[in-house]
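*Asks:* Protein sequence lines correspond, in order, to chains A, B, C and D. full-length UniProt numbering puts the first residue of the first sequence at 1, with every later residue one more than the last. full-length UniProt numbering puts the first residue of the second sequence at 1, with every later residue one more than the last. full-length UniProt numbering puts the first residue of the third sequence at 1, with every later residue one more than the last. full-length UniProt numbering puts the first residue of the fourth sequence at 1, with every later residue one more than the last.
These aren't lab readings, by the way, just hints derived from the structure by calculation. Among the hints, a few may not be true.
All copies of an identical chain are treated as equivalent in the list; a pair is satisfied when it fits inside any one copy or across any two copies.
Simulated pairs of lysine-lysine, DSS-like, Cα-Cα distance not exceeding 25 Å [stated by the list, open to error]:
hint, residue 1, residue 2
1, Lys16, Lys46
2, Lys214, Lys104
3, Lys16, Lys439
4, Lys491, Lys134
5, Lys134, Lys396
6, Lys50, Lys478
7, Lys478, Lys491
8, Lys491, Lys46
9, Lys396, Lys104
10, Lys439, Lys50
Protein chains: 4
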Amino acid sequence: MERVFSLQEISQHNTKDDLWIVLHGKVYDLTKFLPNHPGGQNVILKHSGKDATLTFELYHSTDIIDRFLPPEMYIGQVEQAYGIIPSNKSDENQEQQQETQEEKRIQLARETMPPIEEMFNTFDFQSVARHVLKESAFAYFSSGSGDDMTMRENHNAYHRIWFRPRVMVNVSHIDMTTEMLGAQVSFPLYISATSFCKMAHPEGEKVLARAAGKQGIIQMIPTLASCSLNEIVDARVYPTQLQWLQLYINTDRQMTQRMIQQAESEGVKGLFITVDRAIVGPRGKSANDKDMFEDQGGMEKVLNHERGTGSKTLPSFVDPSMNWKDMAWFKSITKMPIVLKGIQRWEDAVLAWRHGCAGIVLSNHGGRQLDFSPSPIEILPEVIDALKREGCDPSKDFEVYVDGGIRRGSDIFKAIALGAKGVGIGRPALYALGCYGEKGVEYLLNLFKTELAMCMRLMGAPTIKDIQSDMVDTRNLKNHYVANPIDYLAKTTYERLQPRGNLSKL
Amino acid sequence: MERVFSLQEISQHNTKDDLWIVLHGKVYDLTKFLPNHPGGQNVILKHSGKDATLTFELYHSTDIIDRFLPPEMYIGQVEQAYGIIPSNKSDENQEQQQETQEEKRIQLARETMPPIEEMFNTFDFQSVARHVLKESAFAYFSSGSGDDMTMRENHNAYHRIWFRPRVMVNVSHIDMTTEMLGAQVSFPLYISATSFCKMAHPEGEKVLARAAGKQGIIQMIPTLASCSLNEIVDARVYPTQLQWLQLYINTDRQMTQRMIQQAESEGVKGLFITVDRAIVGPRGKSANDKDMFEDQGGMEKVLNHERGTGSKTLPSFVDPSMNWKDMAWFKSITKMPIVLKGIQRWEDAVLAWRHGCAGIVLSNHGGRQLDFSPSPIEILPEVIDALKREGCDPSKDFEVYVDGGIRRGSDIFKAIALGAKGVGIGRPALYALGCYGEKGVEYLLNLFKTELAMCMRLMGAPTIKDIQSDMVDTRNLKNHYVANPIDYLAKTTYERLQPRGNLSKL
Amino acid sequence: MERVFSLQEISQHNTKDDLWIVLHGKVYDLTKFLPNHPGGQNVILKHSGKDATLTFELYHSTDIIDRFLPPEMYIGQVEQAYGIIPSNKSDENQEQQQETQEEKRIQLARETMPPIEEMFNTFDFQSVARHVLKESAFAYFSSGSGDDMTMRENHNAYHRIWFRPRVMVNVSHIDMTTEMLGAQVSFPLYISATSFCKMAHPEGEKVLARAAGKQGIIQMIPTLASCSLNEIVDARVYPTQLQWLQLYINTDRQMTQRMIQQAESEGVKGLFITVDRAIVGPRGKSANDKDMFEDQGGMEKVLNHERGTGSKTLPSFVDPSMNWKDMAWFKSITKMPIVLKGIQRWEDAVLAWRHGCAGIVLSNHGGRQLDFSPSPIEILPEVIDALKREGCDPSKDFEVYVDGGIRRGSDIFKAIALGAKGVGIGRPALYALGCYGEKGVEYLLNLFKTELAMCMRLMGAPTIKDIQSDMVDTRNLKNHYVANPIDYLAKTTYERLQPRGNLSKL
Amino acid sequence: MERVFSLQEISQHNTKDDLWIVLHGKVYDLTKFLPNHPGGQNVILKHSGKDATLTFELYHSTDIIDRFLPPEMYIGQVEQAYGIIPSNKSDENQEQQQETQEEKRIQLARETMPPIEEMFNTFDFQSVARHVLKESAFAYFSSGSGDDMTMRENHNAYHRIWFRPRVMVNVSHIDMTTEMLGAQVSFPLYISATSFCKMAHPEGEKVLARAAGKQGIIQMIPTLASCSLNEIVDARVYPTQLQWLQLYINTDRQMTQRMIQQAESEGVKGLFITVDRAIVGPRGKSANDKDMFEDQGGMEKVLNHERGTGSKTLPSFVDPSMNWKDMAWFKSITKMPIVLKGIQRWEDAVLAWRHGCAGIVLSNHGGRQLDFSPSPIEILPEVIDALKREGCDPSKDFEVYVDGGIRRGSDIFKAIALGAKGVGIGRPALYALGCYGEKGVEYLLNLFKTELAMCMRLMGAPTIKDIQSDMVDTRNLKNHYVANPIDYLAKTTYERLQPRGNLSKL
């Protein structure tokens with residue numbers, strides 16, 4: 001027989017060492033789960049002894065409880081007279097007031113939002129998103145690691161590649177179709193996995209599923225989806241629509257296994273294991289910064305740990321012990337092709353090939369993990385070379401994808417020219433989703449398609465196979481130019497050339 | 001017997017699928033022409049069922065109808081009581097008000113315009129043009145493709161070339177004369193073809209013809225001239241004045257043939273076939289952006305097309321199927337020397353030589369077509385090298401021109417030093433034309449001449465033949481430096497060195 | 001029997017050639033010491049004939065008198081009725097008013113100072129320090145030499161190093177412990193010597209000693225400490241806590257010998273001889289600038305000197321004649337390992353190894369001495385290579401440290417990867433000390449630790465030994481990019497791409 | 001018997017083709033001289049038919065008339081009742097008003113000018129000069145050619161050279177003395193020739209002579225001095241003080257010969273022939289711009305000329321026909337060592353050596369002649385190498401100087417390290433002269449000396465001979481980095497990292 005708790009009683013379990021929380025009328029004892037929460041401890045502590053349902057729904061699907069929470073943490077029901085659990089009133093009022101103000105700001109921004117036809121390039125969606133999303137959501141999506149070096153470098157690096165266009169080629173017909181893991185797609189781009197899409201749109205990943213389906217491309221479903229796997233799979237617009245699963249390997253391998261097998265049975269066609277997130281990166285702009293310490297177990301724990309006690313204080317959500325030996329087990333529990341997402345050096349690309357992966361994603365997690373990681377496009381040529389030296393033919397045996405910084409159709413062209421099978425996009429889809437919903441995502445995909453088609457025409461490459469490496473000039477690809485410090489004395493004593501006479505008055 | 005239509009009747013044919021328009025009292029059914037309009041469909045749709053004469057004249061010469069419109073599209077006359085065709089009044093009022101406001105702004109700008117003597121360099125014309133031209137005209141002229149990378153790179157690249165001046169050379173006499181396609185010119189520069197000059201000046205290309213003639217240089221007549229070919233040819237200031245024709249190859253080859261033969265019979269001395277415009281490029285600043293989609297047949301069509309139906313939806317104005325095999329036919333219908341304009345890699349330069357062209361123009365269409373195309377000056381040295389490897393002597397057998405980014409006399413010097421026969425200018429002539437008319441264009445040409453003469457004197461090269469490749473340092477020509485992302489935290493915590501004490505108060 | 005002087009009498013010895021000063025009730029004749037004062041002559045002249053105790057205590061420990069002042073300069077006591085020595089009242093009032101104003105400003109700044117939890121990176125401490133320190137203190141700490149080129153380059157250079165992360169490595173346990181001169185430390189960072197810590201905090205170097213001890217790292221004690229050596233040594237939090245001594249070699253070698261032997265007897269475990277300060281560098285922002293001339297003996301003296309008289313006019317505080325022959329004597333008077341601090345080229349690194357040093361610090365004195373000195377991280381790889389060519393194994397025989405510009409955990413990682421045994425920090429510790437005292441320094445060290453631990457995890461290097469040179473991409477390390485002068489005419493005539501339509505109004 | 005003219009009569013000769021002017025009561029017919037005026041025709045035309053004495057004295061010494069004006073141009077005296085010649089009153093009033101306003105501005109600026117002690121570096125003088133000089137004077141001094149590229153590059157290039165300091169060297173004694181053309185100087189810097197010093201100071205070059213003498217360095221006297229050669233020579237502070245003469249070769253070789261022989265008889269010890277000014281360069285900021293056309297004979301003349309008439313229209317002041325064959329004649333008329341000033345490529349350096357010159361000055365005329373000329377310091381190493389290949393030892397047989405962009409003592413060090421015998425300064429001396437007169441110039445020279453001495457100490461190079469090429473890192477010297485065009489869309493959608501929370505409010 002199930003226990004029933006009064007609100008009064010629940011509210012007393014509100015400390016780090018005795019922490020209850022109510023979700024959908026059920027009471028959970030999260031004391032032991034606290035250090036394992038991927039989003040940091042603070043957000044849970046803030047709701048300790050209270051009903052956290054509203055906040056929970058903002059980020060998570062209901063099935064996440066079943067997937068990640070050990071069953072023994074469920075301890076009972078809330079009593080019948082269910083209601084708002086008392087809390088520090090003045091705190092809450094202030095918070096509510098702030099929320100109301102932000103809601104007003106957003107409502108106003110949405111009313112004056114430009115019509116979708118004025119989105120002329122993918123950057124425009126981000127400009128709108130800054131205004132119509134909640135501040136915390138925009139900060140979470142747009143933030144990078146450390147000094148944001150890698151995040152910005154990801155797109156910057158494409159600027160170091162110039163074209164070598166061919167003319168006098170018949171480009172009446174452009175065919176952008178290609179294959180990914182054996183399936184045909186309308187053009188070489190997929191929507192990559194990003195966590196917590198509900199922060200952008202109340203229907204979250206379901207919308208991305210529909211837009212991808214209609215546009216004939218693949219959606220990669222995130223482990224940390226805001227919707228349940230069922231919901232996302234059910235959102236397919238036709239039965240054979242393609243979806244992949246992005247996976248964080250949990251310390252509890254049974255959880256991982258359950259998720260893989262559920263996905264496989266639901267018809268998911270590729271397993272993308274994230275390998276660049278042994279720990280969550282320090283994100284400069286996101287509110288999670290303080291949680292960096294928490295994630296490592298708090299400052300004191302870090303200290304003690306680093307002094308050599310060696311106690312394992314990391315959260316269990318992503319297993320930091322994962323290594324190449326785990327590949328055998330992964331392959332034993334699924335028939336889906338396995339792709340490693342987050343490869344950042346050619347040596348690891350070769351290892352992935354040797355361990356029987358179907359491919360890799362060159363990725364640095366959108367610049368959100370380790371600052372000064374190289375941009376995927378920069379290492380792509382050396383990865384392709386290394387694979388070829390190994391006897392692997394990346395045009396058929398093994399698929400190499402890149403993500404991070406794709407903002408123009410010409411970026412896709414450059415990646416294909418250097419040997420990628422396709423590219424993934426993350427933030428642009430979130431911004432389009434957050435601003436204009438499904439229509440926005442379709443519009444964004446069309447922008448990419450139209451720009452790619454135009455680029456192929458003007459480059460003299462009517463099909464994907466015609467896109468060759470001699471069409472790009474990568475001479476400067478590896479060059480990172482850090483400007484000499486500025487000579488302010490010379491700069492400020494120099495008087496700039498300006499139009500003179502009446503011209504200066506215009 | 002010709003049919004006559006009432007305004008009332010005409011105004012009912014105002015949809016995409018049933019589209020009539022009145023030009024100079026004649027009624028045309030443009031339903032089938034719509035997707036072929038090089039300027040996009042929108043501008044035609046806006047005038048559907050109405051009299052479009054005023055707008056038409058702003059851009060086009062009357063003979064363009066005969067040249068490009070199939071005769072069967074003419075369907076009759078407007079009835080006697082010809083007048084303004086009714087339209088949505090409030091829309092039109094608003095538009096007219098806006099136009100009146102802009103006219104006032106322009107009138108004021110023209111009244112306070114600096115005297116021409118204050119134009120000290122070619123940039124100054126652009127500064128004035130921004131104020132005295134219509135906003136749409138300035139946007140059309142000044143816009144580039146994508147992120148404007150290539151447009152700006154075109155001039156930027158000249159900054160990567162430094163001089164190696166020779167001193168103690170007798171430079172009392174400077175001789176800038178040279179030959180282009182066998183004819184003598186006063187200095188190695190020609191006015192290149194640019195569409196719709198009437199947006200800059202009511203007499204359009206005729207003014208450029210006169211200025212070029214007076215200065216002893218060649219004018220290249222555009223396919224999309226605002227004046228008719230006859231008018232431009234008639235504007236010659238002396239009978240032997242040299243003109244070339246720039247040509248877009250139409251899907252309807254007969255149209256193309258008629259235009260070539262008309263030009264040849266009018267004494268035009270060179271045929272410059274544009275090869276870098278299989279489709280119009282996406283211009284960031286121009287109002288044409290939305291038309292990018294239209295040009296490709298609208299978003300839905302692009303989608304369907306790219307899904308593999310392969311239906312040809314491109315407009316027929318420029319034939320996207322043009323390729324090297326067409327060269328034989330071109331040569332069969334004209335005796336004019338044929339030059340390909342828009343070559344962007346040495347391999348295509350060699351092909352042009354092999355196919356019997358008289359020369360090439362290294363050009364990326366002023367950065368208006370494919371962003372990240374290389375600047376012509378950057379590829380010039382490798383083109384010259386490749387031609388020499390092929391056994392071609394670019395100093396006599398085959399002429400290599402460059403256009404794009406020429407803004408200083410020293411830019412001309414650099415191009416000549418690297419093997420160009422001459423350079424073409426586009427935008428600077430338009431700005432000079434738009435600001436000061438014929439006097440402005442002559443003044444501009446004199447600025448170029450004076451700067452080139454001074455440069456030749458100070459370089460110790462008294463004649464064009466003395467301009468040698470060892471006079472320029474091209475060591476950095478191929479280097480594209482993309483700055484590392486900025487370290488804002490370090491930058492903002494650093495306090496700049498500034499003059500101190502009383503000095504800081506000055 | 002000791003002489004006693006009246007205030008009246010003292011106040012008459014107030015010129016350059018007859019200069020008395022009172023410190024703690026004692027009268028000193030500093031006429032001969034004046035040119036040897038490391039901080040310049042002006043600050044002493046300002047107090048000539050007066051009681052300088054208050055200002056003296058702001059910078060110096062009491063024992064500095066015994067250490068550096070020849071005993072014969074002490075000439076007697078002040079008479080009983082000790083008080084403020086009369087001076088130019090109006091001057092003093094003005095000065096006091098200014099000080100009061102600054103104190104108010106600082107008090108206000110401290111009241112609104114952010115809580116320490118908002119320090120998310122090491123730059124944040126500097127931002128706070130600018131507001132809560134005295135202007136003169138912040139100027140002294142933050143200033144560099146000449147145009148501040150080297151000072152900024154020190155951190156900049158780390159941006160030219162990018163990572164090559166390894167994934168699929170078990171990083172459950174991170175061990176950052178390592179050894180320095182044979183002793184274990186919690187992570188590879190030490191607090192380097194910086195002069196006059198009391199300008200940051202009234203307890204000066206004692207606070208650094210406590211923070212270092214608690215965090216398990218080494219403190220390097222400066223020659224120009226504000227506290228006495230005894231005080232700093234006594235501040236150790238446990239008896240075996242490690243400290244090193246930084247040493248300026250005095251012209252009076254007996255002084256030097258006394259200081260070395262005192263330190264050795266107090267248990268100091270390493271002797272770091274500064275070799276990059278034959279003369280104090282010109283610091284652009286510091287108030288010391290005028291003293292640059294003084295240090296060289298005044299403008300006239302410099303002139304006469306440089307004309308060839310060759311008279312030695314340098315202050316004796318740091319011996320400019322020090323050279324490699326002195327190494328034998330240094331080794332003869334101490335058993336402490338000797339490390340040379342301020343090596344800036346590989347040739348000198350090799351010489352240090354040949355002369356039996358225990359190690360070197362690659363350093364340019366934080367960019368405070370010679371502008372355009374290279375950054376330590378830039379020369380580290382060539383130093384390591386040269387040592388290996390010499391048969392020296394820098395991983396065990398000889399220790400190479402770097403300081404200057406360390407601001408991120410990733411900077412430490414990069415230095416270790418390139419062969420450094422550890423890194424020293426200077427300014428960050430001063431800013432943390434000045435803002436939040438001991439808690440601030442500990443917090444700062446934890447930031448470095450946490451960032452390094454995270455970096456090691458994401459790089460796939462769980463221990464210090466796992467940090468290898470193939471994990472960093474140093475291809476651009478030696479590249480100093482000075483931008484071409486800006487083409488202002490082109491820049492100002494180009495109109496930037498901006499979001500358009502309603503988007504531009506957001 | 002001399003003719004006498006009335007003012008009335010003189011005022012009627014006021015056109016281009018009949019042009020009289022009064023100077024010091026004498027009447028000159030300048031009709032034929034007009035196109036030869038180095039300062040352009042406009043300034044003379046403005047005074048046609050008038051008394052130009054006041055303006056003349058602002059720029060010229062009286063002896064310039066004897067030196068450069070053919071005697072037959074003197075035509076008589078002004079009648080007794082000498083006075084102001086009538087002119088367009090309203091014009092003159094306006095001009096006078098403007099001058100009065102400027103004088104007021106300058107007087108105010110001089111009253112609030114910082115004390116000389118606040119000049120901490122050579123840039124500071126320029127900051128002051130901008131405020132205390134006449135606008136036209138500052139524009140003339142500070143202007144460069146074209147886009148000011150070369151002018152700025154001259155100093156910029158020194159930033160591409162970094163140091164490799166040696167430590168543990170006895171630097172107690174610094175000896176900066178060296179030899180120039182066989183004579184000893186106090187340090188390796190001379191004051192180069194600059195025209196019209198009176199625009200900076202009423203006593204012009206005489207002040208520079210005194211300051212140079214007191215500081216033991218050489219002054220180079222300009223052809224276009226504001227003072228007469230006698231005056232400048234008489235300003236020597238001791239009889240053996242060294243002076244050189246800078247020479248523009250006149251079309252009238254007798255004038256040139258007279259000037260050389262006068263200088264030689266006055267004890268001038270070196271002849272520096274300027275070879276980089278066949279024509280005056282286009283100076284963007286100077287009011288002379290319009291005169292660029294005049295200098296070339298007016299726009300129409302240029303045109304006609306360039307069309308091939310070949311008529312010589314250049315002014316005769318500097319002979320554009322000067323070439324290597326003239327070397328024999330130069331050597332025949334003087335015993336002074338001959339140095340060519342304005343060499344810009346190694347080939348010409350070798351030619352100068354072969355033609356028996358005593359040395360060369362690598363110079364681009366301070367960036368005032370040909371834009372995109374290389375900086376002297378950049379070509380110095382290749383010049384030294386080429387001379388050595390030729391069998392010439394630049395350390396004794398042949399002296400190589402550099403000028404342009406020297407602003408720091410470290411710049412001098414770098415030039416010496418790369419093989420220069422010494423450096424020349426131009427603008428800094430003018431600014432110091434214009435702000436603080438003789439004291440200012442001495443102060444400036446001391447700044448250079450003190451910075452050089454400090455640099456030598458910290459570099460471990462106690463004498464000039466110790467300054468070796470391995471002390472500088474020139475790896476990036478030849479690298480001209482032109483930044484890729486900026487990606488404004490990406491830049492503006494990126495939100496900068498900023499201090500957060502309360503920190504952002506500081």
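*Asks:* Need the list of violated hint numbers for this structure, in ascending order.
*Replies:* As far as the earlier hints go, 2, 5, 6, 8, 9 and 10 are violated by this structure, in ascending order.
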